[in-house]
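Place chain B on chain A using the hints.
These protein sequence lines map, in sequence, to chains A and B.
Each residue of the first sequence is one higher than the one before, starting from 307 at the first, in this note's numbering.
Each residue of the second sequence is one higher than the one before, starting from 6 at the first, in this note's numbering.
Each hint should be verified, as a subset may be incorrect.
Computed from the model, here is a short list of chain B residues facing chain A with C-beta under 8 Å [said to hold, decoys possible]:
1) Leu62
2) Leu152
3) Ala160
4) Arg161
5) Leu166
6) Leu170
7) Ile176
8) Met200
9) Ala212
10) Ala215
The hints are simulated quantities; they were obtained by calculation from the structure and are not laboratory data.
We treat Cβ as the ideally placed atom computed from N, Cα and C, and that holds for glycine.
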Amino acid sequence: MAAPDLHAFANPLRFQRLAVALTPWLLVLGIGFLAVGIGIGLFVAPPDYLQGEVVRILYIHVPAAWFALGGYLGMALAALAALVWKHPLAALSVRAIAPVGAMFAAICLITGSIWGRPTWGTWWVWDGRLTSMLVLFLLYLGVMALIHLHDDKAKGLKMAGLLAIVGTVNLPIIKYSVEWWNTLHQPASIRVSGSSIHPDMLTPLMLSAVGFLLLFAGLVFIRMRTLIAEQRVEVRALRRAARTG
Amino acid sequence: MKLLARLIVRDLSLMAGRPGEWLMPLLFFLLVAILLPFAIGPDAALLARLAPGILWLGALLASLMPVATLFATDAADGTLDQLMARGVATETLATSRVLALWVGFGGPLLVAAPLAAMLLNFEMGRLLLLLPGLIAGALGLSALAVLAASVTLGARGGGGLVALLVVPLAIPMLLFGSRPDEAGSLGLAVSAALMLAAVAPFAAGAALRASRS
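Next up, chain A with everything else stripped away, as it sits in the complex (with noise of 0.2 Å):
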């Protein structure tokens, strides 16, 4: 069973050293990591002999779009798992991991949008790739602005929870957006089975894309001890107000 493994986890003060000792080495390596992808993707990297330069983008948009995916479903797991085992970090990662992801989405609408313009001759267009991207976001801001509506932040945390996993059957139609509407977002080119990208371009979006996620779990990481340490704050001062009476 895991679960032991996983309380192991959930006292809040071990959480702390674990993540204090990581966060510096995930933004390290997160912005190396991201600077050596992009580097490569936009002065290595040849040209698409189709879309040009503008092609470049991508070394950006795509690691935004998959993470904001795996941080909801990161986002949805985690409320599960607080509503399940009633495991506290897991509640307060919810709140941690939403902003994070809300701006992955963001960054994947605007690049999206950016290189839309030159190539696809327009800002937006209703497709279903891009309508159920926004469909995500809005889902993230409505995460978000739950919390924050109960004065009880427990309370806020379980119903934005709620939310969260009902959003989930959001996740799936985003993934096959692209092969049901079939408009102007292209289909996945990197499968399981084998990636129809050209290694030349493909190096440089893994090296982005690891970049992205480090960053990802190190923005989360810097949340969550910024989250725990505003709840210390406030049981220490409600001990010194009932101390002082």
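Chain B only, in chain A's frame:
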């Protein structure tokens, strides 16, 4: 089952006494259909082309109206606590609300749809293609309304936020439901609605429990 039936009857008779939950959405739905020709002009062909989308949009926006009162009065007068203390599962309460709202919100909508279609010059033959999706959609929208009502229960000033919670989850239904002429879209609209109707009562039940703790 018997309990569920009695809860539904109770919810429906409560709804009958609260026009805000069934009459206002109905009027709002009709108002959308009435205002559209003013906004885009009385071009009959254009109105007929926009009609399926407008009917769906009207239904979606109208479904937001009952959210504020769905559980608030039951929570305020202690009925919710009484039922929970008697051991009634919150999931059962949520399910009965979804089904009651489906009848109380979807029923009037069904009556108003032909009227709205007439106002928009939408042919009755094509309306018959749209209605099955709209009936299923009303179930999905009811499920979302119950979900939104339960996760915002006890929060201060959640009114404006409800749309942000409901709309993203309703988009798949809206997308497929408003294309009655495309093959396969009805099936996708119905399955999106059924999926929401299956998931929402459990989430709403958990949220109701959390709100009373």
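Close enough to count: is the Cβ of arginine 161 of chain B nearer than 8 Å to one in chain A? holds, 7 Å
Less than 8 Å between beta-carbons is the criterion; does alanine 160 of chain B satisfy it with respect to chain A? Interface hint status for alanine 160 of chain B: holds (4 Å vs cutoff 8 Å).
Are alanine 212 of chain B and chain A close enough, Cβ to Cβ, to be under 8 Å, as the hint says? holds, 5 Å
With a cut-off of 8 Å, does the beta carbon of leucine 170 of chain B approach a beta carbon of chain A closely enough for the hint to hold? holds, 5 Å
Per-residue hint verdict: leucine 62 of chain B, partner chain A, C-beta under 8 Å: Leucine 62 of chain B check fails; min Cβ-Cβ to chain A is 14 Å, beyond 8 Å.
Restraint outcome when isoleucine 176 of chain B is required to lie within 8 Å of chain A by C-beta distance: holds, 5 Å
So, alanine 215 of chain B near chain A? Judge it on the closest CB pair being under 8 Å. holds, 4 Å
Hint check: 8 Å Cβ-Cβ cutoff, leucine 152 of chain B to chain A: Holds, because the Cβ-Cβ distance from leucine 152 of chain B to chain A comes to roughly 6 Å (cut-off 8 Å).
Given a cut of 8 Å on the nearest C-beta pair, is the interface hint for methionine 200 of chain B held or broken against chain A? holds, 6 Å
Grab the minimum C-beta distance from leucine 166 of chain B to chain A and call the hint holds if it beats 8 Å, violated otherwise. Holds. Min distance 5 Å.
Taken one by one, the earlier hints fail for this structure only at number 1.
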